Amino acid sequence: MPLIPVVLWTDALVFILIALVAGFAAHAARHEHLRDPWRRVLRSRVGVATLVVLVAFGLVGLLDTLHVRLKQDPPSATGEVRYSPEVLSLLDLALSGLRERQEKTYSAPFATHLFVKESMNQPDGRVLRDYPRLEHGGAHLEDPARQRAWDIAWRSLLGLVKGLIAWSLLTAGILWLMARRQGRALSEVRDAILAGRTPIPWRTALGTLGVLLALGFVAGELAFKYHILGTDKVGEDVFFQTLKSIRTGLLIGTLTTLVMLPAAVLLGIAAGYFRGWVDDVIQYLYTTLNSIPGVLLIAAAILMLQVYMSNHADAFASLVERADLRLLFLCLILGVTSWTGLCRLLRGEALKLREIDYVQAAQALGVGHFTVIARHILPNVMHIVLITLALDFSGLVLAEAVLSYVNIGVDPTMNSWGNMINSARLELAREPVVWWSLAAAFLFMFTLVLAANLFADVVRDAFDPRLRGGGR
Amino acid sequence: MTEPLLQVEGLTTLIGNGAQPVRVVDDLDLSLHSGETFALLGESGCGKSMTALTLMRLLPPSGRITAGSVRLGDTELLSLTEARMRRVRGGRLAMIFQEPQTSLNPVLTIGEQIAEAVRIHQGRSRDQVTARVVELLRAVGIPDPVQRVGEYPHQLSGGMKQRVMIAMALAGDPRLLIADEPTTALDVTIQAQVLRLLKDLQRETGMAVLLITHDLGVVAESADRLAVMYAGQIVETAAVADFFARPAHPYSRKLMESLPSAEKRAGRLAVIPGRVPPLDRVFQGCRFADRCQSVMDVCRDTEPLWWPVEGERGVRCHLWDPALGLAGESTKPLGEKPASAAPSPRIREDADSLLLRAQDLKVHFPIQRGLLRRVVGHVRAVDGVSLDLRAGRTLALVGESGCGKTTAGKGLLQLIAPTDGSVRYLGEELMGLSHRRMRPFRKDLQIIFQDPFASMNPRMLVGDVIGEGLQALRIEPRHAPRMRRVADLLELVGMDPEAADRYPHEFSGGQRQRLCIARALAVEPRIIVCDEPTSALDVSVQAQILNLLKDLQERLGLAYLFITHDISVVAYLAHEVAVMYLGRVVERGRVDEVLDDPRHPYTRALLSAVPVVDIDQRRRVIRLEGDMPSPSHPPAGCHFHPRCPDVIEVCRHAYPQETRLGETRQVHCHRVTGG
Chain A
335 MPLIPVVLWT DALVFILIAL VAGFAAHAAR HEHLRDPWRR VLRSRVGVAT
385 LVVLVAFGLV GLLDTLHVRL KQDPPSATGE VRYSPEVLSL LDLALSGLRE
435 RQEKTYSAPF ATHLFVKESM NQPDGRVLRD YPRLEHGGAH LEDPARQRAW
485 DIAWRSLLGL VKGLIAWSLL TAGILWLMAR RQGRALSEVR DAILAGRTPI
535 PWRTALGTLG VLLALGFVAG ELAFKYHILG TDKVGEDVFF QTLKSIRTGL
585 LIGTLTTLVM LPAAVLLGIA AGYFRGWVDD VIQYLYTTLN SIPGVLLIAA
635 AILMLQVYMS NHADAFASLV ERADLRLLFL CLILGVTSWT GLCRLLRGEA
685 LKLREIDYVQ AAQALGVGHF TVIARHILPN VMHIVLITLA LDFSGLVLAE
735 AVLSYVNIGV DPTMNSWGNM INSARLELAR EPVVWWSLAA AFLFMFTLVL
785 AANLFADVVR DAFDPRLRGG GR
Chain B
-8 MTEPLLQVEG LTTLIGNGAQ PVRVVDDLDL SLHSGETFAL LGESGCGKSM
42 TALTLMRLLP PSGRITAGSV RLGDTELLSL TEARMRRVRG GRLAMIFQEP
92 QTSLNPVLTI GEQIAEAVRI HQGRSRDQVT ARVVELLRAV GIPDPVQRVG
142 EYPHQLSGGM KQRVMIAMAL AGDPRLLIAD EPTTALDVTI QAQVLRLLKD
192 LQRETGMAVL LITHDLGVVA ESADRLAVMY AGQIVETAAV ADFFARPAHP
242 YSRKLMESLP SAEKRAGRLA VIPGRVPPLD RVFQGCRFAD RCQSVMDVCR
292 DTEPLWWPVE GERGVRCHLW DPALGLAGES TKPLGEKPAS AAPSPRIRED
342 ADSLLLRAQD LKVHFPIQRG LLRRVVGHVR AVDGVSLDLR AGRTLALVGE
392 SGCGKTTAGK GLLQLIAPTD GSVRYLGEEL MGLSHRRMRP FRKDLQIIFQ
442 DPFASMNPRM LVGDVIGEGL QALRIEPRHA PRMRRVADLL ELVGMDPEAA
492 DRYPHEFSGG QRQRLCIARA LAVEPRIIVC DEPTSALDVS VQAQILNLLK
542 DLQERLGLAY LFITHDISVV AYLAHEVAVM YLGRVVERGR VDEVLDDPRH
592 PYTRALLSAV PVVDIDQRRR VIRLEGDMPS PSHPPAGCHF HPRCPDVIEV
642 CRHAYPQETR LGETRQVHCH RVTGG
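Just so you know, the sequences run in chain order A and B.
The numbering of the first sequence is our numbering, which starts it at 335 and goes up by one.
The numbering of the second sequence is our numbering, which starts it at -8 and goes up by one.
Hints listed in this document are in silico derivations from the structure and should not be mistaken for laboratory results.
Nothing here was measured: the structure is a model prediction, and the numbers come from that model.
For glycine and all other residues, C-beta sits at the position ideal for the given N, C-alpha and C.
Incorrect hints may appear among the rest.
Reference listing, derived: stretches of chain B covered by chain A, where coverage requires no fewer than 3 residues with Cβ under 8 Å from a Cβ of chain A [unchecked claim]:
| id | segment |
| --- | --- |
| 1 | 432 to 444 |
| 2 | 451 to 465 |
| 3 | 586 to 593 |
List time: in silico DSSO-like cross-link candidates among lysine-lysine, alpha-carbon distance up to 30 Å [claimed, not checked]:
| id | chain 1 | residue 1 | chain 2 | residue 2 |
| --- | --- | --- | --- | --- |
| 4 | A | LYS438 | A | LYS559 |
| 5 | B | LYS353 | A | LYS686 |
| 6 | B | LYS434 | B | LYS353 |
| 7 | A | LYS451 | A | LYS559 |
| 8 | B | LYS434 | A | LYS686 |
| 9 | A | LYS559 | A | LYS405 |
In isolation and in its complexed conformation, chain A is listed as follows (with noise of 0.2 Å):
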């Protein structure tokens, strides 16, 4: 085997997760009150164009997930396998022309030289100061500044029709998939979809899907060549960064959300149901934890996580290994310090359902007390658990952002969007400005907390009840 399968605790967790959300898709599939608030998420243009971006985030964060160990090249002497020691993604792998790249230090987006001075010894003995040529960024080129301009346009162009390329296979096949199972004629489908009335809108999601392949063969395209987003104080490069830093953000978002779900979702339906003494202790319990300031419970649990990690060094096989412990407990404890709102409205919630008819009648015909948690009140209290995890997960992402920036997020080496906005803040402090850092890290940022909140908008709106019937 060329390599072998690595599973880090974060990833087993998202495969969990993963299996969760089918085993809920499957069961929704099944149920018409919760299939039809999705249907009407997916039949809003703004639900569909988001969610093509939020599935787009999503597989590369996916592709960061599943970690492998390559087999070390030459064979030890004794002829036994060996693997190398590193951990590497299936993102890493694919991108690691990106990867292996690297400059010395910083280096602007779509340079080809550096951007600090240095002293170069000429052919001839004498040394000048001046920017040298980047070893990678633009090397192709025999004279950047005339040629430079040119490439870039050219190979844009190129990526350009490739990427459209692709997206019309896979336009076409989704084509005719639909019309397949739709049993009509594919041009009948075509012109359906070009005026809009699919009931789903699939040209919002095709149009999105197309700018978004176009985008990407772009910058995959000039890439190649060049270091779109320039290079960090080390020389790595910031696009390929940014890229990894989208499996943090997602972590964070949606681990915590599953670490505190059960201990939100049952608590907070058991204080409503049963009222009584195991209201008030669970009550207690939260208006605790509500009254220390989440920042230092966070500060403080991981600072005890790196004593003990340093302490215990060699308990970790790699780096990556002990990045990811440290990620764990970040999402742990933020899920610890945010249980707290959704158990308090689904305490509330519960409290009006215990009383609603329903359970009153479910009661008079003896029906056991979970019996009629798992089948009257948890029913109805998802919608709200579904709105508050969307609300949230842009939230979550952000605090990253605010806790890596104080040094109490996730580990230095691992690449977050909190990290690289954390070292912009001395490269804002130069003179001329290294800006990229912080701008690629703030576009992905943005985009991708933009697309979930409005994906949250408009997954509340399609299950609040007020707004039924009246349809756009």
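For chain A, the structure is supplied; the task is to place chain B on it using the hints.
Below, chain B without anything else, positioned relative to chain A:
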């Protein structure tokens, strides 16, 4: 004839956009004179409230008026700018709403809220405004108005709030007052007060009142003329006396026949099959055709025109088309006569069919205050109620809202743990049983709720809802046989067995109530507590449910505890009546005894306040002053004494003991002497 105050012609209102707008008001004509009360009558979904909102130009955002004219005096309202319309609204044209609880701003004192209306429409100085507010409060009969000006809405009872709403409406000296179901949310005794107040005010100011209601009794007692609305159209207008003597449109007649009353006891109530059609389509022919008994071929394809009948009367029905020459037809009583149904077999009166006996049942809710939740008092929701339920008999528990009737019903079933007393079912004590030990009895004791929309889990299929008890009590744990029984049950309550695979929201209110009955029947109970099962339904649907309940009782020998505030339903359905006031039963007896010869002053007042359609049966209304006291601080002595017209000294000190009048009758009153 003088110029009418309000003249509406060809008014058409659409709601919603896109391909299928809903025509909520369709080509509506009406006119109102000063000093007149005009009632707009109809079932829910007929466009009554939308008519009112159209007149006020207060339609929801997607609504628009597409045709017609509304003339108030000599002003055309539809062509006014919004700024000028705002001056008319609350000025010459005022409106009061159904729900006084939500129509007042809870953070402003009532004085400020009325003053706001006064300032806008009369622009007086500060002192004059205050004086005017007090004057208005006095006009609507609020005692001690100077004091009340500074109170907040939550300090007032429902009836008082509705009076405040009326005071606000009067602030601009309106010429026309639109009252949209002004008394629907109120109890009958309070309803009588408010209706009387409206009449008095009308006499003093000479304003016109457009009364929107679904209650035939209210119309009969307070209106001069009426219009019946059906599916966005007016189908009949008439003077009230003529209408009740001889309703002309088949729909009006059916509405009258579906009213329950004591005379219809022996048989079934007339029902109107089907429901009001959705208004988002284009109608061909008469809108009532599908539900009409006298439907003819012409009704299905030609829209009926407006035919005037003797004087001011008019009907939209082909039966009155002079060309068809059927005018006489419609005055004949229609086919199925209520009494023609086989008279119900008289229930055997054996005393050993006693199923459940509650003695001195008490449900007190502790009032907790402060950090440590110390108990500072009790709300005595039910304070010593004794009842007997017998197989095949219906006991009606009657009283105003807040008297504890629902709590008593739930206490009997141990859904709320009673504080004290005893509930014996077939001799076995139910009080204090744990959740598990209570289970065997759950099968026999069931409940049907008031609100058909809240009583079924919207996330469950109807089949699962109905089968829930069968599953929970392990009567039919396997799925396939359970679904077969569900199908049988659906058949039993007159629903299509296919309903099992659908969700509750796909059904109308009446259908849902049938489903709830099926759920209760699933476990083959012997007692069903019916908690106002028809009060959220329209009259015609109510008739269907009452018929069903009656049939089921005859076939299955069920005992009902029928909790209601509607006396006409009691007269139709019940065998015995217990009247509750502030947590206690004040009078109990056979239904004919209590309704024909009430002995307790409260029962008498309650019965007199019920609006009656039949003018001959109308009694003099005994006006009760004030509202029911809070059950956390019941008055000393007889609970009723502060409102009682016949109060004597002893009433203030001692709660009256039970006085037995005959074998079946008990009264708690000092003025009633036995024998």
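For a C-alpha distance cap of 30 Å, please report whether LYS434(B) and LYS353(B) respect it. Between LYS434(B) and LYS353(B) the Cα gap is close to 24 Å, so the pair holds against 30 Å.
Does LYS686(A) sit within 30 Å of LYS353(B), going by the straight-line distance between their CA atoms? holds, 25 Å
For the pair supplied as a hint, LYS438(A) and LYS559(A), is the alpha-carbon distance within the 30 Å limit? Measuring from Cα to Cα gives roughly 16 Å; hence the hint holds.
Outcome, coverage of the segment 432 to 444 of chain B by chain A - at least 3 residues whose beta-carbon is closer than 8 Å to one in that chain: Holds, because 8 residues of the segment 432 to 444 of chain B bring their Cβ atoms closer than 8 Å to Cβ atoms of chain A.
Can the restraint linking LYS559(A) and LYS405(A) be considered satisfied, given a maximum Cα separation of 30 Å? Cα-Cα ~28 Å, so holds.
Would you check the hint for LYS434(B) and LYS686(A), treating anything up to 30 Å between C-alpha atoms as holding? Answer holds: LYS434(B) to LYS686(A) is near 26 Å, not above 30 Å.
Would the pair LYS451(A) and LYS559(A) pass a check requiring their Cα atoms to be no farther apart than 30 Å? holds, 22 Å
For the segment 451 to 465 of chain B, does the count of residues with a C-beta closer than 8 Å to a C-beta of chain A reach 3? Contact hint for the segment 451 to 465 of chain B vs chain A: holds, 6 residues under 8 Å.
Under 8 Å between beta-carbons, do enough residues of the segment 586 to 593 of chain B, three at least, approach chain A for the coverage claim to hold? Violated, because only 0 residues of the segment 586 to 593 of chain B bring their Cβ atoms closer than 8 Å to Cβ atoms of chain A.
Against the hints set out earlier in the document, a violation occurs for number 3 only.
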